[in-house]
Amino acid sequence: GESVGLHLPTLSVQEGDNSIINCAYSNSASDYFIWYKQESGKGPQFIIDIRSNMDKRQGQRVTVLLNKTVKHLSLQIAATQPGDSAVYFCGAGSYQLTFGKGTKLSVIP
Amino acid sequence: GAGVSQSPSNKVTEKGKDVELRCDPISGHTALYWYRQSLGQGLEFLIYFQGNSAPDKSGLPSDRFSAERTGGSVSTLTIQRTQQEDSAVYLCASSSREDTQYFGPGTRLTVL
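Protein chains in written order, with the working numbering: chain U, 67 to 175; chain P, 5 to 116.
Note that these hints are calculated values from the structure, not bench results. Don't be surprised by glycine CBs; every beta carbon is placed ideally from N, CA and C. Check each hint, because a few of them may be wrong.
As the list claims (entries may be wrong) - Pairwise CB distance ranges, derived in the manner of DEER restraints:
1. Gln80/U x Asn56/P: 49 to 55 Å
2. Val78/P x Gly149/U: 28 to 34 Å
3. Ser94/U x Ser70/P: 20 to 26 Å
4. Gly82/U x Ser11/P: 48 to 54 Å
5. Gln45/P x Gly82/U: 30 to 36 Å
6. Met120/U x Thr74/P: 33 to 39 Å
7. Ile174/U x Thr104/P: 41 to 47 Å
Claimed, not checked - With a straight-line Cα cutoff of 25 Å, these simulated DSS-like cross-link-like pairs (lysine-lysine) come out:
8. Lys167/U x Lys108/U
9. Lys108/U x Lys137/U
10. Lys134/U x Lys108/U
11. Lys137/U x Lys167/U
12. Lys61/P x Lys19/P
13. Lys15/P x Lys134/U
14. Lys108/U x Lys170/U
15. Lys15/P x Lys167/U
16. Lys21/P x Lys167/U
Input sequences plus hints: build the corresponding full structure.
Here is the structure:
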């Protein structure tokens with residue numbers, strides 16, 4: 067099966083700085099990876115995803131990097147804003163995803 | 005509304021009672037998932053429906069948990085004889101085949 071872990075349970079960044087949230091997965095057969103943002107009391111909100119045939123994918127202010135060699139996934143948020151404060155968690159797998167526990171991002175104004 | 009909806013948003017019940025949680029997926033999405041999120045924990049997969057195929061029930065924690073999906077759309081998660089450890093947020097997600105999963109707001113279940 068798959069197991070997913072996040073490197074840091076909490077992360078504090080200064081407003082305007084870039085944020086990097088890291089995730090490790092265990093199953094080399096996983097071919098789909100996804101990042102969600104979850105604000106308090108709300109359901110997870112899709113941020114960005116990537117398939118195993120890619121190493122990098124960019125969205126608006128966000129970039130996901132996939133390193134299949136070391137089974138590592140990261141989410142980069144450019145110019146972090148107070149509205150980015152939330153719990154971020156990654157998922158890995160195929161149709162059945164395994165999720166990490168999440169990293170709580172706090173943005174310092 | 006274009007998103008996944010769930011009801012009720014909050015449910016408080018007494019230990020031993022049965023509860024039903026409802027999920028309305030995004031129209032046209034063939035795949036539907038149920039997850040459980042306990043305080044400070046990640047998402048725990050419960051069950052997966054894809055079209056008319058037999059559901060993947062491998063994540064259901066006990067036989068007190070069951071789910072059905074009628075007409076390939078609305079799904080109901082039923083927990084019988086609730087226990088305090090069942091207290092959690094129950095999240096539903098839907099997707100178009102094995103594409104991006106979109107989550108609903110969740111149902112917060114509290115078992116007293």
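Hint check:
1. Gln80/U x Asn56/P: 49 to 55 Å: 52 Å, holds
2. Val78/P x Gly149/U: 28 to 34 Å: 33 Å, holds
3. Ser94/U x Ser70/P: 20 to 26 Å: 34 Å, violated
4. Gly82/U x Ser11/P: 48 to 54 Å: 40 Å, violated
5. Gln45/P x Gly82/U: 30 to 36 Å: Holds, since glutamine 45/P and glycine 82/U (Cβ atoms, about 32 Å apart) stay within the stated range.
6. Met120/U x Thr74/P: 33 to 39 Å: 37 Å, holds
7. Ile174/U x Thr104/P: 41 to 47 Å: 31 Å, violated
8. Lys167/U x Lys108/U: 16 Å, holds
9. Lys108/U x Lys137/U: Roughly 29 Å between the alpha carbons, so the hint for lysine 108/U and lysine 137/U is violated.
10. Lys134/U x Lys108/U: 31 Å, violated
11. Lys137/U x Lys167/U: Distance of about 17 Å is within 25 Å: holds.
12. Lys61/P x Lys19/P: 24 Å, holds
13. Lys15/P x Lys134/U: Roughly 42 Å separates the two Cα atoms, so the pair is violated.
14. Lys108/U x Lys170/U: 14 Å, holds
15. Lys15/P x Lys167/U: 24 Å, holds
16. Lys21/P x Lys167/U: 29 Å, violated
Consistency with the previously given hints fails for numbers 3, 4, 7, 9, 10, 13, 16, ordered from lowest to highest.
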